[in-house]
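Chemist: Below, each chain spelled out in residue letters.
Number of protein chains: 2
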Amino acid sequence: MTSASVQNYLKAIYQLQENSETVTTTALAQHLDISAASATNMIKKLARLKLVRHSPYHGVELTTAGEKMALEVLRHHRLIELFLAEALDVPWELVHAEAEKIEHVISEDLEDRIANFLGDPERDPHGDPIPTKAGTVERPEYQSLLDVGAGQSAVIQRVSDQNPEHLKHFSKLGLIPDATVDVLSREPFDGPLRVRVASGREHTLDETLARAIWVTPTVEKKAYRAKSKSHV
Amino acid sequence: MTSASVQNYLKAIYQLQENSETVTTTALAQHLDISAASATNMIKKLARLKLVRHSPYHGVELTTAGEKMALEVLRHHRLIELFLAEALDVPWELVHAEAEKIEHVISEDLEDRIANFLGDPERDPHGDPIPTKAGTVERPEYQSLLDVGAGQSAVIQRVSDQNPEHLKHFSKLGLIPDATVDVLSREPFDGPLRVRVASGREHTLDETLARAIWVTPTVEKKAYRAKSKSHV
DNA sequence: TAAAAAATTTAGCCGCGACTAAATTTAGTT
DNA sequence: AACTAAATTTAGTCGCGGCTAAATTTTTTA
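Protein sequence lines correspond, in order, to chains U and A.
Numbered by my numbering, the letters in the first sequence go through residues 1 to 232 in order.
Numbered by my numbering, the letters in the second sequence go through residues 1 to 232 in order.
Since the hints were made in silico from the structure, they are not lab data.
Even glycine gets a Cβ: it sits at the ideal position worked out from N, Cα and C.
Treat the hints loosely; a few may be bogus.
Below, a list of computed lysine to aspartate or glutamate pairs in the EDC-like style, where the Cα atoms sit at most 16 Å apart [stated by the list, open to error]:
(1) U:LYS68 <-> U:GLU18
(2) A:LYS101 <-> U:GLU108
(3) A:LYS101 <-> U:GLU111
(4) U:LYS172 <-> U:GLU141
(5) A:LYS101 <-> U:GLU202
(6) A:LYS172 <-> A:GLU202
(7) A:LYS68 <-> A:GLU138
(8) U:LYS44 <-> U:GLU61
(9) A:LYS133 <-> A:ASP109
(10) A:LYS133 <-> A:ASP147
(11) U:LYS68 <-> U:GLU138
(12) A:LYS44 <-> A:GLU61
(13) U:LYS45 <-> U:GLU61
(14) U:LYS101 <-> A:GLU108
(15) U:LYS101 <-> A:GLU100
(16) A:LYS68 <-> A:GLU108
(17) A:LYS101 <-> A:GLU72
(18) U:LYS133 <-> U:GLU111
(19) U:LYS50 <-> U:GLU67
(20) U:LYS101 <-> A:GLU111
(21) U:LYS101 <-> A:ASP109
(22) A:LYS101 <-> U:GLU100
(23) A:LYS133 <-> A:ASP112
(24) U:LYS172 <-> U:GLU122
(25) A:LYS101 <-> U:GLU93
(26) A:LYS172 <-> A:GLU93
(27) A:LYS133 <-> A:GLU122
Per the computed footprint, the stretches of chain A lying under chain U, defined by three or more beta-carbons under 8 Å from a beta-carbon of chain U, are [claimed, not checked]:
(28) 91–102
(29) 105–113
Between the sequences and the hints, there should be enough to build the whole structure, so can you do that?
Modeler: Spelled out as structure tokens, the structure:
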């Protein structure tokens, strides 16, 4: 039986690995809100368990076994998020915190029943892909809303679930997965972004907020022109 | 924040108090499957927290505060049991083990949503009363199936959820809450009991099994005669 | 009622997963 | 290349909630 702590560390390492190749002790400690010394301790334990490779002073990396465990926890987490939203109408910004605790205590059997209830879904309410039972995940390459040029449209695919306040705000603004946004303007130097949502309402998003939204740009005339230009 | 351990101790003490006035260290230790020394340790901690009164060498008793907490845990437990059975079709004999873990990690908000989803139910799938949010519980006085005389009928009100094997067996036999059973015969010296269920099938129950089933006798001619006799 | 048995508590230990303070290694200057 | 700053690890501690062995109290029995 692997403890909730071990599961949380593996999950955190997995998520940090999604952004940067190598995961540092400090990044891990910050992500989990613990001291760096505590992180080192646990890293050594995980290395003993062959769940991570530790290159002292240089970082940590999941082994195949470690990644498998991380994906199991993530599967639990995301299934539970979706289940709470669907079955109990738990609001978007609350499902993460609730799933964070429940993910460690459900049985395989209950996991299967939840997945079945939901029809083996592929995404959680924030647009994060749900790992399969077999231990595989999609790794779609989305673009940050920050990097969408003025005049372009994009479809929201994923919204980071790290900050409940942000999520609450996003849902109020209609910035949820599958929604289309038009980027109206962009201030220089990572300044705020002006967007219009499907309802026609316009909103301003600062850098931090825009960075939490991941999109695929919609293909439209402007984009085509830009593309043909670059070919000349 | 009170730990899962503390919650489990309080719940165990509450349940033991339902049967015997005073709860001994040994009974508590056996119920929780830990050593008596560990139980003493925790009892002293609970006494410091003013959740129990401890009379050394003589036993332990919940304070008002302790009972309130025990009932909160029990409410979680029983709501979760019913929810898993209703929403996910988790079989009768499995909901207890699952609820045993989840009960410690759900928020008040989730508790409320589950209760609402279920329509503020009064009983869990085994017939145990669900404590109210306010911290009150029904304490129905049922009779053990063991004490029903041959020739009498009874309606099952509650089945002890302590043993999943027994539960599985009971459900196969149709011995579930609200079912009617006719007691056909009873061997002396706590010997086995012969019963007929609504479907017409007949089954034999040994003492341990019969002790786990709680009923209210149905009022029929024999019972009336007995009653009028005692008035003479 | 005294001795034996059973129950309970005390004393001391352990693993887990946090922590701080201090030592060490690495990376970034100048 | 040497010095400094930052990152990381080591050393040592703590609370939690288990444990065993030994001491103590209560209960039972002879």
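Chemist: A separate judgement is required for each hint: does it hold in the structure or not?
Modeler: Here's how the hints hold up against the structure:
1. For the hint pairing U:LYS68 with U:GLU18, the CA-to-CA distance comes to about 15 Å; that is within 16 Å, so the pair holds.
2. A threshold of 16 Å between alpha carbons decides the hint, and for A:LYS101 with U:GLU108 the separation of about 13 Å falls inside it, so the pair holds.
3. Only pairs whose Cα atoms come within 16 Å are accepted, and A:LYS101 paired with U:GLU111 is accepted, the gap being roughly 14 Å.
4. Restraint check for U:LYS172 and U:GLU141: not satisfied, since their Cα atoms lie roughly 26 Å apart, outside the 16 Å limit.
5. For the proposed pair A:LYS101 and U:GLU202, the alpha carbon gap of about 46 Å is over 16 Å, so the pair is violated.
6. This hinted pair checks out: A:LYS172 and A:GLU202 have alpha carbons roughly 12 Å apart, not beyond 16 Å.
7. Distance restraint check for A:LYS68 and A:GLU138: the Cα-Cα separation of roughly 14 Å lies within the 16 Å cut-off, and the hinted pair is therefore satisfied.
8. Using a Cα cut-off of 16 Å, the hinted pair U:LYS44 and U:GLU61 holds, with the two alpha carbons roughly 12 Å apart.
9. Simply put, A:LYS133 and A:ASP109 have alpha-carbon atoms about 12 Å apart, close enough for the 16 Å limit, and the pair holds.
10. At roughly 34 Å between alpha-carbon atoms, A:LYS133 and A:ASP147 are farther apart than 16 Å, so this suggested pair is violated.
11. Note on U:LYS68 and U:GLU138: the hinted pairing holds, with a Cα-Cα distance of about 14 Å set against a maximum of 16 Å.
12. Restraint check for A:LYS44 and A:GLU61: the C-alpha separation of about 12 Å stays at or below 16 Å, so the hint holds.
13. Under the criterion of a C-alpha separation no larger than 16 Å, the hint pairing U:LYS45 with U:GLU61 is consistent with the structure, at around 13 Å.
14. About 13 Å separates the Cα atoms of U:LYS101 and A:GLU108, which keeps this hinted pair within 16 Å; it holds.
15. Restraint check for U:LYS101 and A:GLU100: satisfied, since their Cα atoms lie roughly 14 Å apart, inside the 16 Å limit.
16. At most 16 Å may separate the alpha-carbon atoms for a hinted pair to count; A:LYS68 and A:GLU108 meet this at roughly 15 Å.
17. Between the alpha carbons of A:LYS101 and A:GLU72 the distance comes to roughly 14 Å, so the proposed pair stays at or under 16 Å and holds.
18. Simply put, U:LYS133 and U:GLU111 have alpha-carbon atoms about 9 Å apart, close enough for the 16 Å limit, and the pair holds.
19. Proximity of U:LYS50 to U:GLU67 is assessed by CA-CA distance (about 11 Å); at most 16 Å being required, the pair is judged to hold.
20. About 14 Å separates the Cα atoms of U:LYS101 and A:GLU111, which keeps this hinted pair within 16 Å; it holds.
21. This hinted pair checks out: U:LYS101 and A:ASP109 have alpha carbons roughly 14 Å apart, not beyond 16 Å.
22. Only pairs whose Cα atoms come within 16 Å are accepted, and A:LYS101 paired with U:GLU100 is accepted, the gap being roughly 14 Å.
23. Between the alpha carbons of A:LYS133 and A:ASP112 the distance comes to roughly 9 Å, so the proposed pair stays at or under 16 Å and holds.
24. Distance restraint check for U:LYS172 and U:GLU122: the Cα-Cα separation of roughly 24 Å exceeds the 16 Å cut-off, and the hinted pair is therefore not satisfied.
25. Only pairs whose Cα atoms come within 16 Å are accepted, and A:LYS101 paired with U:GLU93 is rejected, the gap being roughly 24 Å.
26. The hinted pair formed by A:LYS172 and A:GLU93 meets the criterion: a straight-line CA distance of about 11 Å does not exceed 16 Å.
27. For the proposed pair A:LYS133 and A:GLU122, the alpha carbon gap of about 11 Å is at most 16 Å, so the pair holds.
28. Look at the region 91–102 of chain A against chain U: 5 of its residues bring a Cβ nearer than 8 Å to a Cβ of that chain, three or more, so the hint holds.
29. Check on the region 105–113 of chain A: 6 of its residues sit with their Cβ under 8 Å from a Cβ of chain U, so the three-residue criterion for coverage holds.
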